[in-house]
Amino acid sequence: MLRRILVPALFVILLFRAGSGIEAHPLGNFSISQYSALRIEKKAVELRYIIDLAEIPTFQEIQESGILAQDKDPNLPAYLTRKAEALSKALWLEINGKRIKLKPASEEIIFPPGAGGLPTMKIGILYRAQLVEVSGGRFVLNYRDGNFPGRAGWKEIIAIAEPPIQMVDSSVSETDRSSQLNNYPTDLLNSPPQVLEARLSFNLPVLTAPLAALRPVDPPARAPNTKIARLPNDAGDFNALIKKPVRTEHTKNGLDGSPVEPRVGAPLAVNEDQPHAANNSPLQANKQLTPRNAFTELIAAKQWGWGIFMTALLVAVGLGGFHALEPGHGKTLVAAYLVGAQGTMKDAVCLGLIVTAAHTAGVYLLGAVTLSASRYVMPEQLYPWLGVISGVMITGLGLVLFTRRYLGKENPISHHHEEHAHGSSQHHHEHALHRHGHSHHHHGKGAVSLRELTALGVSGGIVPCPAALVVLLSAVSMQRIGFGLVLIVAFSIGLAAVLIVIGLLMVYARRFMARVHGTGQLATRWLPLASSAVIVVFGLALTWQALRSVGVLQFGV
Amino acid sequence: MPLVKTIGVVILAATALLTMRALPVAAQRATTDNHIAYYQRLLQRNPQNSRAYFGLGDALIRKARETGDPSYFGRAEEALKKSLEINPDNAGAMRHLAYVFYSRHEFESAAVHARKAIDMDATDGDSYGILGDALMETGEYEKAGDAYEKMMQREESLYSYSRRAGLKSVRGDSAGAIADLQSAIAAGKAAKQPAESVAWTEWQLGSDHFALGKLDKAETFYRQSLETYPNYYRALAGLGQVRVAQKRYDEAIDSYHKAIAILPMPEYIAALGDIYRKTGMSDEARKQYELVEYIGKLSALNKVLYNRELAYFYADHDIKLKEGLELAQRELDYRRDIYAYDVLAWNLYKNGQAEKAGQVISEALKLDTKDAKLFYHAGMIYRQLGNKQKAREYLNRALEINPQFHIFFAENAARALKELEGSIEPIASHLKSDDR
Numbered sequence: 001m002l003r004r005i006l007v008p009a010l011f012v013i014l015l016f017r018a019g020s021g022i023e024a025h026p027l028g029n030f031s032i033s034q035y036s037a038l039r040i041e042k043k044a045v046e047l048r049y050i051i052d053l054a055e056i057p058t059f060q061e062i063q064e065s066g067i068l069a070q071d072k073d074p075n076l077p078a079y080l081t082r083k084a085e086a087l088s089k090a091l092w093l094e095i096n097g098k099r100i101k102l103k104p105a106s107e108e109i110i111f112p113p114g115a116g117g118l119p120t121m122k123i124g125i126l127y128r129a130q131l132v133e134v135s136g137g138r139f140v141l142n143y144r145d146g147n148f149p150g151r152a153g154w155k156e157i158i159a160i161a162e163p164p165i166q167m168v169d170s171s172v173s174e175t176d177r178s179s180q181l182n183n184y185p186t187d188l189l190n191s192p193p194q195v196l197e198a199r200l201s202f203n204l205p206v207l208t209a210p211l212a213a214l215r216p217v218d219p220p221a222r223a224p225n226t227k228i229a230r231l232p233n234d235a236g237d238f239n240a241l242i243k244k245p246v247r248t249e250h251t252k253n254g255l256d257g258s259p260v261e262p263r264v265g266a267p268l269a270v271n272e273d274q275p276h277a278a279n280n281s282p283l284q285a286n287k288q289l290t291p292r293n294a295f296t297e298l299i300a301a302k303q304w305g306w307g308i309f310m311t312a313l314l315v316a317v318g319l320g321g322f323h324a325l326e327p328g329h330g331k332t333l334v335a336a337y338l339v340g341a342q343g344t345m346k347d348a349v350c351l352g353l354i355v356t357a358a359h360t361a362g363v364y365l366l367g368a369v370t371l372s373a374s375r376y377v378m379p380e381q382l383y384p385w386l387g388v389i390s391g392v393m394i395t396g397l398g399l400v401l402f403t404r405r406y407l408g409k410e411n412p413i414s415h416h417h418e419e420h421a422h423g424s425s426q427h428h429h430e431h432a433l434h435r436h437g438h439s440h441h442h443h444g445k446g447a448v449s450l451r452e453l454t455a456l457g458v459s460g461g462i463v464p465c466p467a468a469l470v471v472l473l474s475a476v477s478m479q480r481i482g483f484g485l486v487l488i489v490a491f492s493i494g495l496a497a498v499l500i501v502i503g504l505l506m507v508y509a510r511r512f513m514a515r516v517h518g519t520g521q522l523a524t525r526w527l528p529l530a531s532s533a534v535i536v537v538f539g540l541a542l543t544w545q546a547l548r549s550v551g552v553l554q555f556g557v
Numbered sequence: 558m559p560l561v562k563t564i565g566v567v568i569l570a571a572t573a574l575l576t577m578r579a580l581p582v583a584a585q586r587a588t589t590d591n592h593i594a595y596y597q598r599l600l601q602r603n604p605q606n607s608r609a610y611f612g613l614g615d616a617l618i619r620k621a622r623e624t625g626d627p628s629y630f631g632r633a634e635e636a637l638k639k640s641l642e643i644n645p646d647n648a649g650a651m652r653h654l655a656y657v658f659y660s661r662h663e664f665e666s667a668a669v670h671a672r673k674a675i676d677m678d679a680t681d682g683d684s685y686g687i688l689g690d691a692l693m694e695t696g697e698y699e700k701a702g703d704a705y706e707k708m709m710q711r712e713e714s715l716y717s718y719s720r721r722a723g724l725k726s727v728r729g730d731s732a733g734a735i736a737d738l739q740s741a742i743a744a745g746k747a748a749k750q751p752a753e754s755v756a757w758t759e760w761q762l763g764s765d766h767f768a769l770g771k772l773d774k775a776e777t778f779y780r781q782s783l784e785t786y787p788n789y790y791r792a793l794a795g796l797g798q799v800r801v802a803q804k805r806y807d808e809a810i811d812s813y814h815k816a817i818a819i820l821p822m823p824e825y826i827a828a829l830g831d832i833y834r835k836t837g838m839s840d841e842a843r844k845q846y847e848l849v850e851y852i853g854k855l856s857a858l859n860k861v862l863y864n865r866e867l868a869y870f871y872a873d874h875d876i877k878l879k880e881g882l883e884l885a886q887r888e889l890d891y892r893r894d895i896y897a898y899d900v901l902a903w904n905l906y907k908n909g910q911a912e913k914a915g916q917v918i919s920e921a922l923k924l925d926t927k928d929a930k931l932f933y934h935a936g937m938i939y940r941q942l943g944n945k946q947k948a949r950e951y952l953n954r955a956l957e958i959n960p961q962f963h964i965f966f967a968e969n970a971a972r973a974l975k976e977l978e979g980s981i982e983p984i985a986s987h988l989k990s991d992d993r
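Here the protein sequences come in this chain order: L and P.
Heads up, the final residue of the first sequence is numbered 557 in the working numbering, and it's a clean run with no missing numbers.
Heads up, the final residue of the second sequence is numbered 993 in the working numbering, and it's a clean run with no missing numbers.
A couple of the hints might just be wrong.
[Unchecked claim] Calculated from the model, a selection of chain P residues having no Cβ within reach of chain L, i.e. all distances over 10 Å:
#1 808
#2 920
#3 978
[Said to hold, decoys possible] Calculated lysine to any residue pairs in the SDA-like style (CA-CA distance at most 20 Å, straight line):
#4 P:854 x L:113
#5 P:638 x L:190
#6 P:638 x P:661
#7 P:854 x L:63
#8 P:854 x L:119
#9 P:835 x P:847
#10 P:844 x L:64
#11 L:346 x L:454
#12 P:815 x L:150
#13 P:815 x L:149
#14 P:913 x P:941
#15 P:879 x P:856
#16 P:913 x P:943
#17 P:700 x P:680
#18 L:42 x L:94
#19 P:844 x L:66
#20 L:89 x P:815
#21 P:844 x L:65
#22 L:101 x L:196
[Stated by the list, open to error] Examples of chain P residues lying across from chain L (beta carbon under 7 Å, computed):
#23 590
#24 624
#25 788
#26 821
#27 844
#28 852
Just so you know, these hints were derived from the structure itself, not from any lab.
Heads up, the beta-carbon is just placed ideally off N, CA and C, and yes, glycines get one too.
Only chain L is shown next, with the shape it has when bound in the complex (with noise of 0.2 Å):
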């Protein structure tokens, strides 16, 4: 669970560092990746061919064709028409020594956002080629995709051979990494494949069965002179034609060598020559985690207005809210804390607020350090001593808890539980009795000093968030501080609500089983006891976290 707060955040800081800030694209703002599926049937060779262009290409691209980011601009159809024969040109396949001409069947494409939301844009087309030649024996077939040389980018190809053909040797993968440029990998260890030719030999087992089986089987709308339905580029509807691609098929040749007419459409029939589903899925987004998230983007929007910014404050709280219920963030502590010191409503709504205005001044001063101090200091470095500090703060608070539950030495407060504690003569006594006079913030059945909520808010909530952190530091770099600073009370706001609604539920469960156990030795003794020892656990967990990625502890593992 720690992992999961700090690793993120180290992760974001380093990028941040980095100078990568925002950077949409995976794989940055001016690659251009390509796959190719290849796929064999028994009459056919199907290629799935798509291009992610990053941020820069595509306006570039935008430039060159006056088409615009838009899934609904009328230019589309034209301009994947355009494309796809034009991308045909340095694509290659060959197949025992002769080339193979590639003809689209049908062509999609979309316009992810990336950085900043500007447009990316990834186009996905369908190419088939026909096997002159079928018979049995053994095929060598070699692909090139010569698009884009020497741009940087995933360049991936896959192939599959459909049965009955047998793959005989291939020198690319049938398991596809990036699920068709959905998600680049990225980890140390897997740097983008760099795969732009394919060498393969299949095995086309020898026709024993009848012929008749191989032919192509006649959709069974088709008449003898049938018009082409629809082509992808007369096509009208658009929408449409992404949604369900309409394929067209040409074959010259029979399996017998008699001239075929050409089979046409019929996106409905389903024949052995059909594409394969799966191969065919349409085009998404990038999913991997970027150093954007939901939170970041909003301050990268272009255009302010009252409405832009009203919603951007109530996206904020909702995220702050959303944040809140991820692990982490003092909200174990705020609930372990609560159960075991028999805290109470009050105490939850006062912890919560603490935890946030904690973390909303961890941000704040954070920011300011790593604005200012970025020279001298590597926020990457600071970041974890912070960690730090927190950690052994709540080591030792929970180890002071511990002790005193252990030995009896209880607080003040635990002697009185709900059912005494309700006198003003009560109140003043204990007043009395209290360690530190701050009797202003002190309430009526006090269960928790606040002097330990304050420690326990303030080291839970110390560690701020990186979201919280990017959006600040994204404020400042595009000139929007005021707009950053208020956004991160706004997020605050949301996390303060759910810790608090967190601990109210701690609360109310706690009196709950203080009515159905009694006040036996379980609630008066071995939860705080048990509470104490999770405070414990977390508080050095949180350090040595914190110390293995300053650097200080050094383990092999």
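For chain L, the structure is supplied; the task is to place chain P on it using the hints.
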């Protein structure tokens, strides 16, 4: 029995040592991609191999240089840090880490890490080299010279010679720089250094010749660079620059297009736009300029490296002058080489602050670097200040060094000079009329 054990251990250790020695040599013959894959395989087998992480980091840095894709630097950093985590005494990894910081324009961190690497292994000349590089960028030329001196005492290689060449060039010793670059190429070829490193040096040699107006030689070396490393984007752009100076604009356009297809560097795109404008294709020019600005916007989002280039672009094209000045001022926060001062002076001048520009430009001229652009800027600034004599002197020097130093500014300089020497017509700044 213990004897057998001991012998076994010794043999094992010896084998391991030998393999490690042989390892980089074997890997060198392969391409960078194979190299990366090779180390990744090693690490999949044994994730505790500090040396393999170092090798991976090294290969990733090379990949970053080859492709111009900065994301590889991020990965290289990760790999090098892993290497150091496993073996904190790996001076090479520390040195490479310094280089990653340097590439990212984090010059202070680069210097800090280079010094750490030197502390770990004072015999390593490259660490001194990277320290010198960082010091050059922060304008500490004296200290950089010292570091390079120590580097040269420790090794004479492609890297050390080309670094010293850089310093000599900035200090105005063009002949010395060219000689060093030639030694660098020879050393690189002898030691079978990676192709891109040799190609880079050849490209640099071409650029140094171009700066002196020796177009034929520049072309020769750019071509050599392309032979060493086919489709090298720097050399393609260099060739484009030569073609511009030769006024062979069609070929220049072609060459820049090729470079941009590989790496859309804003400088190249701006230069391409300039050629289009020069040849009257204003629509195409506008597209290129828009692309430059678009990249500027993106890099602002990403906080990346193009501040200086953009600041030059804005000032050169008389657009977004305020933004350009801000960028130039910000650049000075972390970079204080002579060009940091030059870009600031040029932007101050364009923003009507000739007085300040005059003070700043003297910082850029202090080393007497033989770069026509610097003298052109100085000349224009002094002309604005009414100091005709200095203006004439600087403009003359600009044109002496390279009569074709820029597609527009060479002519601008000549006209300004004529005007200063008594001719009549005032210059209409070529680029000013263009309001987009």
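Checklist entry - Any hints this thing doesn't respect? Which numbers, in order? => result No hint contradicted; all consistent.
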